[in-house]
Amino acid sequence: VDLLQALAIGAMFGIGIFQILRRNVIRAAIGMLILSNAVNLFLLSTGAYDGVVDAYANLAGQKSDALPQALVLTAIVISLAGFSFVLSLLYVLSVRLGTADADDIDQLKH
Amino acid sequence: MSGAALFIPILLPILGAALALLYRSPSINHRLSFRSVCWLLSILPLISFLGLLASTPIVHAAGPQTVSLAWIPSLGVSISLWLDSLSLLFLLLVAGIGALIVIYTGCYFSSGAEWRFLAYLFLFMAAMSGLLLAGDIVTLFVFWEGTSVTSFLLIAYKTSDEAARRSAFKSLFITGGGGVALLAGLLFVASVAGGGDFAAILSSGDALRSSPLYPVMLALVAFGAFTKSAQTPAHIWLPDAMSAPTPASAYLHSATMVKAGIYLMARMNPALGQTEPWFWLLTGFGLSTMLTGAFVGLKKRDLKALLAYSTVSQLGVMMMLIGDDTSTAFKALVVSVLAHALYKSALFLVTGIIDHETGTRDLDRLGGLRKTMPRTMAVAVIAALSMAGLPPMFGFLAKETLLASVTHPSVPGIAQGLLVTAVVAAGAMLFAQAATFVWDAFMGRPRDPKVHGHDPSAWMLLAPAIPAFLSLMFGLLPEPKRLADFVSDAAEAAYGGEVKVSLALWAGITPPLVLSVIAIAIGFVLWQSRERVRLIQGRIPAAVSANRLYDGTLRALDRSARLALRTQDGRLRHYLATILIGAGALIVVLGEIPVLPTAPELGPVAEMPLLRVFALILATAAAAISIFLRRDFFAILALSASGLSVALLMLLQPAPDVALVQVVVDILSVVVLVLALTIIPREQRARAAEFTFKQSRWNLLRDAAIAIGAGIVMTSVSYYGIASRPRASVITPYFEAAAKPLTGAADIVGAIVVDFRGFDTLVEITVFAMAGIGMYTLIRYALRNDNAISWRSRPRKEVASAAVEPNDEDAAAPAHTIFGIDGMPTSSMLHMLAYVLLPVMLVIGATQVMYGHDRPGDGFTAGVTISLAIAFWYVIFGYQETRRRLPWLKPSLLVACGLLLEIANASLPVLSTGVFFGHVDYGALVGLPLPAGFSLSSSFIFELAICLTVLGGATLILGALGHPNDPPVEG
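These protein sequence lines are chains A and Z, in that order. Residues in the first sequence are numbered from 63 upward in steps of one, following this note's numbering. Residues in the second sequence are numbered from 14 upward in steps of one, following this note's numbering.
It is worth saying that the hints were derived from the structure and are not from the lab. Take every hint as true, because none was put in to throw you off.
Below, computed lysine to aspartate or glutamate pairings styled on DMTMM-like, alpha-carbon distance capped at 25 Å: (1) Z:K312 - Z:D564; (2) A:K125 - Z:D867; (3) Z:K494 - Z:E511; (4) Z:K753 - Z:D867; (5) Z:K707 - A:D165; (6) Z:K753 - A:D112.
Beta-carbon label-pair distances, calculated as ranges: (7) Z:L755 - A:G160: 50 to 58 Å; (8) A:L151 - Z:W711: 23 to 31 Å; (9) A:L121 - Z:L899: 38 to 46 Å; (10) A:G160 - Z:L899: 28 to 36 Å; (11) Z:K171 - A:L151: 46 to 54 Å; (12) A:G160 - Z:R643: 20 to 28 Å; (13) A:L159 - Z:S709: 19 to 27 Å.
Partial list, computed: chain A residues near chain Z (C-beta under 8 Å): (14) G76; (15) A162; (16) A164.
Computed from a prediction, not measured in an experiment: that's the story for all the values here. Glycine included, every Cβ here is placed at the ideal spot set by N, Cα and C.
Given the sequences, and given the hints that come with them, work out the whole structure.
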């Protein structure tokens, strides 16, 4: 299971990177989300326990590790905020430079 | 003497610099002449000179005086000062000559208010005093660089002169480079000695010398000292530095700053010296510097250049003496430092006077000044006699002790012959230079009849006269006891052992005296035939010129800068690719993670829950499909599918809270992404989409390779991360046990988020709200000038009409208020749906806020759920209409309320429990009859606050992206 999980995470990560490297900025934004999904999945699977039941105090049995869950929860929210902000930056770029092509934005060295 | 008094020699010049700056103000410089200001300010270095002089007996009796102030205690860095006889010797020169230079400056500038020069000069004085007083390596380095910077400012003082600027850059480049090496070397020294203060370093000489790092630190420290003290081949900056005004040349570039390297090496001698490498390094460089300076100086016709090269030569002598490492050598060193500072500053100042009075310092134009400037000539002759090393001057004594130290029996036999020959040769050439200086300037007849001069004012002549007179006095006085004591103290501090000093001129007929006579005789011959010597010198081509090396270095730097610039193509994607490759390589190399799992254990496939495998495959496949789908919209849908599969995986963890958040966030991000898609103009998107699929094969291959590499690295990282993770948690059991009793929550994740790590969550929602506000500001205001259809430019009536006519949304109002995305008409079915959806979502949200503590869901999910309904409204009714129909929807207000509510909620428990973010069950306190599973506690209020903040933030995001050109409704 571990290997399969790792493979899936790696694959999603790679796909995310590939999308980020596209010239179309919308695709790059899609890549960002895939990337953050992959990372969140990874963080979640680092919990110490392989849980059988939910992490609720009133349930009996081996609970899943609550700590990474809480942290991933925060991570998801922050990545949503960051992602939205990136989108607004893309919009500003598209208005200012009149393009949605990342390669037209080549003024970084000036 | 209290330790704090040690700061006085540094603080007084700083005060002087501040006062000099005051002179800038017209109200002061109209009342006071520049000359009188210089007179007044010269009191400051004079005070410090007298104070230092008064402290000589104390230092003599009590040894080094120290003081230390904490600076960066966490790094063990402090400002330490250290005053012993060696630093005292140099400090007396800095303060004493400094006072004379300040007076001289007042007379030197005919143009008047040169407050800038005066301020630089004082700043230099402060830096130089600090360098000499420094008691640890950090303090030393800071002041060391301070002298380099002030020297730069003084050399480039005539900012309009391009040559001066180039010279200044050259000196900064060379001494600054040396400074970097010095810092590294000193840090090595400190790490081996176990401390950066001099007491630790000087007492651990054996440890330092036997350290395997010894050659490295010796080379680095020596490099720093050599660049500063103009040893070949780094000496080239010093002659160029003569573009500084003459008072600065006399002060920095002959008497004080250039001796910083000498001081440093003398200071470090007890710790680093007395080894073979030390001897060969210092003697070798010192010797070649001595000969180079003496030889090149001989052919110079510019008075300042001549003096500069003779200074280079003397610096070489001093470096050589330190390398010699005998008690005689250190006696010679101290005497040389003193003698050279006195006669050389006098000669420089005389040159300044000649330049000032006649307008030139070119020996080919000067001559015959003895008639017009007799008093100047008297001063020059005394100083030049000392430079030539003739009795009864102090310079004679310096040369005698120098010769005594090179003829000392402890010098190795092979080196001795070479050393003696070189010293005699250099002595002869220095004699010739001194004679040339006096003869060609003052004797004979004027070579250029237009050059006239007359003696300057007595005050101006005072500055060179005092050191010249002292050169005579020190030589003539029979056995000045205190001076001899002082000299031997200073030499002992540098030597680290006892040094006997007798300053008698006549010590009988000894080998040094014989050699001295030989040197003078050769020098006389050289001077007699100086025209021919110059001719011969002119024929020797400067095959190896250090200047060419310097120019070559600069060119190479420029070229490598251009090369570096060529790698910067300004394209974000390429930068990103480079960063990714670098980061991946770092992870693999530094993390020592094998790129491929060595023994993958698949395990029995049957053990894997089928649903989980399915979700994994679905998440990956959907993500992969998003690459290949042609239309952006479909790619976004594929992305959404992938995100939902991730939510499914989370659910199977089992982590229901996270899965729920993942679901709503996935939907919200897709909505946001679609909104972004619609506001980017269609033709831009079409063009970008074309590029997406029409890239060159090479580009695709490269990106694919990077992506695959990243995937492989990530796979191995996560495989090793997951496989080798600790299987027992330290913290989680505590959370599990404490969740219910402490927070009343059955949902452990919720308890962690809201209670245990409440502060985290507060910051998190603040970030979320900030993102919303930031986007709003960015899109609404930053783009206002670029937007042709900015809301300001729109007629106000239209906005007003949209607000006034309520139910007429199907007909007249502007397109964006009645239609949804891209102006597509919406059906009334959808309107109905929107009306139903919002209340339903509000109820769901309220339930989540109330029961989130015991069941999946929380305030964040609630906020996003409600804002999704509002997003639907935006799509159906348009931004304007939604805002009009939902008057309670004021995003900024919601954000503010949410955050303030939470801060109040977190602060309130301080009263009862004493803990910020403490948990209080208000419902139970008051005894309210509440339904089971719901408690009116601080956690509930927190959830509510989160919900409000997130609702506000998400609405801001949606509003900003969805309708970027609409006017904000709220006031």
